[in-house]
Structure formats: C-alpha cells, structure tokens
Amino acid sequence: MATKPHLQQIDALRGIAALLVAFVFHQGEILGAGRTGPLDGLPVFTWLHAYGWTLVDLFFVVSGFVFSHVYLEGGELRGKTTGRTFFVSRFARLYPLHFVTLLAAVVLIPYSTVSVRVQETYDLRHFVLNLLMLQEVGISEDVSFNAPAWSISVEALCYAVFFFAARRGGRSLVTVAFAAVVFGLFLTVGGHAGVDHVSRGFVGFFAGHFAWRLRSVPCMSWTLVAIIAAGILVHPPKVSYGAWLGLTAWPALVLLALRSHVLIRPILRWLGNISYSIYLIHMPVYYAVSAFVFGGKLVPQPLWTPVIVCVSVATLILAHLSYRHLEAPARRAIKGRFGSKTGASARFVVANRD
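Just so you know, the sequence shown maps onto residues 1 to 354 in UniProt numbering.
Accuracy of the hints is not assured; some may be wrong.
[Unchecked claim] Pairwise CB distance ranges, derived in the manner of DEER restraints:
#: 1; residue 1: Gly170; residue 2: Lys297; range: 55 to 61 Å
#: 2; residue 1: Cys310; residue 2: Ile267; range: 17 to 23 Å
#: 3; residue 1: Gln301; residue 2: Ala230; range: 36 to 42 Å
#: 4; residue 1: Arg213; residue 2: Gly295; range: 52 to 58 Å
#: 5; residue 1: Tyr51; residue 2: Leu303; range: 22 to 28 Å
#: 6; residue 1: Gly170; residue 2: Tyr111; range: 48 to 54 Å
None of these hints come from the bench; they were simulated from the model. Ideal placement from N, C-alpha and C gives every residue a C-beta, glycine not left out.
Sequences are here, hints too, so could you generate the full structure?
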C-alpha cells in the first residue's frame with residue numbers, strides 16, 4: 001500500500017500550539033496566578049492567557065484532518081486497515097507516555113501547590129479512570145492528575161467513532177461526522193462539565209475530517225484568513241468558544257497552514273515531533289519545580305520570568321529525550337509485537353488541554 005505524503009506543515013502547527021498551551025496558557029499553573037504571566041497585557045498574550053484552552057480544539061481538528069489523510073482513500077477506509085492495526089497503532093502512540101506522566105503526577109502532586117485547584121480531583125476512582133484513559137468520556141466532571149491528559153481520552157473516543165463509521169463506508173462516515181459535529185455543538189450550549197469536553201472533541205475532530213474533504217476546493221488565502229478572524233472575533237452566545245473555533249477558525253487555519261513554506265523548516269518539524277511530549281510532560285515539570293524548588297509555595301513575582309524560561313527549557317529537553325528514548329521505541333515495540341505489517345499506520349496527531 002502506498003504511503004501517504006507526510007504533512008510537515010501540520011506537524012509544525014501542532015508543535016506551535018503545544019508550546020502556546022504549555023508555556024503561555026498554563027504558565028499561571030506554576031506561577032500561582034491563574035491565566036496571567038510576565039507578558040500579560042500584550043494583545044496576543046492577553047488573548048492566549050484567557051483563551052489558550054481553545055488550542056486543544058485545534059488539536060482535535062488536526063487529528064481529524066490527519067486521520068482522514070492517512071486512513072481514507074477516496075473517502076473510503078483504506079483496504080488493508082484492520083481494527084487490530086488501527087487500535088494497536090493508537091495505543092502504541094498514546095499510552096506509554098500517558099502512563100509514565102500519570103505516575104509522575106501521582107508522585108509529585110502531594111508536594112506541589114500547583115495541584116491545588118478546586119476543579120481537580122485526586123482519588124483512587126480518578127486514578128483508575130486515568131489508567132484506562134476514560135477520565136473525560138462523560139462519566140466524570142473532574143479534571144484529575146496530569147490535567148492536560150483529559151484530551152487524550154476524548155481523542156481515543158473520537159478514534160473509535162471514526163474507525164467504526166469509516167469501516168461501514170464513506171457515506172456512513174459522512175453521516176456520522178455530520179451528526180457528531182451538530183450534536184456536539186448542541187451539547188456545549190448547556191455548559192455541562194461532564195459532556196463539554198467530549199462534545200468539543202467531536203466537533204473539532206469531525207470538523208477536521210470535513211476540512212480534509214474540502215482541501216482541494218479552490219479558495220483564496222485571504223478568504224481563509226477572514227474565516228479565522230471572524231471565528232475568533234464573533235461566536236454565538238452560550239455555545240462553547242472552543243467548539244465554535246473548532247468548527248470555524250481552526251479548520252481554516254489548518255488549510256491555510258498547508259500553504260505555508262515557513263512551516264516546513266527543520267526546527268518546526270522537530271517541534272512537531274516532540275509536541276505530544278511537551279503536552280504531557282510540562283505539567284509534571286511544573287509540579288516538580290513547585291515541590292522541590294519552591295517547597296510547594298507560590299513563585300515570587302520578581303522570579304516569574306526566569307522561572308518560566310527555566311521550566312520551558314527543561315520541558316523541551318525532557319520532551320526531546322522522551323520522544324527519542326520513550327515514545328518512539330515504545331511505539332515500535334508495541335506495534336512490532338501486537339500489530340500487523342500489512343495495516344496502514346500513521347503518525348498520531350494529539351490534542352491537548354486547557
């Protein structure tokens with residue numbers, strides 16, 4: 001089976017989004033000052049501090065686009081893609097790092113002030129849910145342990161829906177995708193914590209699928225820019241802002257990114273490779289710095305900038321090491337042991353969290 005061309009620009013976009021989530025939106029987690037930071041007040045940073053959580057919806061869109069690119073041929077599931085190869089590949093890509101960072105969070109949280117957030121829960125039930133990657137599939141309203149990992153469970157659910165719908169044929173996939181977007185958007189109106197994350201995942205992932213179907217439609221770049229701007233600036237009341245961007249601005253951004261020559265530079269390709277590690281490792285790094293450098297106390301404001309620089313560098317180093325010595329080797333080992341050489345495989349694009 002012919003290998004699909006790799007989407008380098010999408011890798012780069014994913015890496016940039018991971019950086020912004022980890023080092024801008026989440027920096028308040030280590031500073032002890034929610035949704036702010038040393039550069040707050042500048043237009044872009046002010047928006048990112050307030051709405052950086054919506055970049056997780058961009059991850060969902062990217063996943064839907066890439067999965068469609070890799071696993072579909074002419075709108076239909078590629079012939080040699082089996083349930084075994086699909087789900088083993090997904091498990092091999094997601095679980096090893098998720099498991100390691102979950103254990104790190106369990107060890108570090110009791111000593112860290114970063115973990116003291118009223119909406120987060122740390123108990124045996126939530127540990128088991130995290131262990132099974134079921135923490136945010138609609139059976140719990142609480143963020144727990146390695147908080148960004150909530151989106152991993154939502155992604156896994158989207159993968160399953162995608163595969164079983166695609167296996168029934170292209171028309172079935174389109175029907176399911178349309179229903180998932182409409183129903184998901186509707187469910188975000190109530191703002192119920194138990195379904196909001198899953199709903200956003202459905203909207204973003206399957207909007208990404210439709211963006212893939214529209215990828216060859218002639219469209220001026222300025223039109224995509226206008227859609228991005230309109231989506232960011234105007235959205236219906238009561239509808240989740242993240243889901244709205246996942247339906248409007250972020251699919252347009254993905255299509256626009258595919259036209260960029262800047263996004264194919266090697267450093268951005270490297271950033272894309274380590275984006276999953278950045279996303280899952282940065283919070284345990286924050287836990288560790290809070291616990292062992294500041295004794296569980298808040299970071300003094302004069303130290304905000306050097307602390308952010310240091311934890312960012314540390315996270316990038318650990319993410320690079322994780323990708324080379326944990327992610328890639330574990331993926332190869334699991335797929336070699338349990339997968340099939342005849343199935344289609346893909347480099348997974350991950351979403352992340354607010």
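Which hint numbers does the structure go against, in order from smallest to largest? The structure breaks none of the hints.
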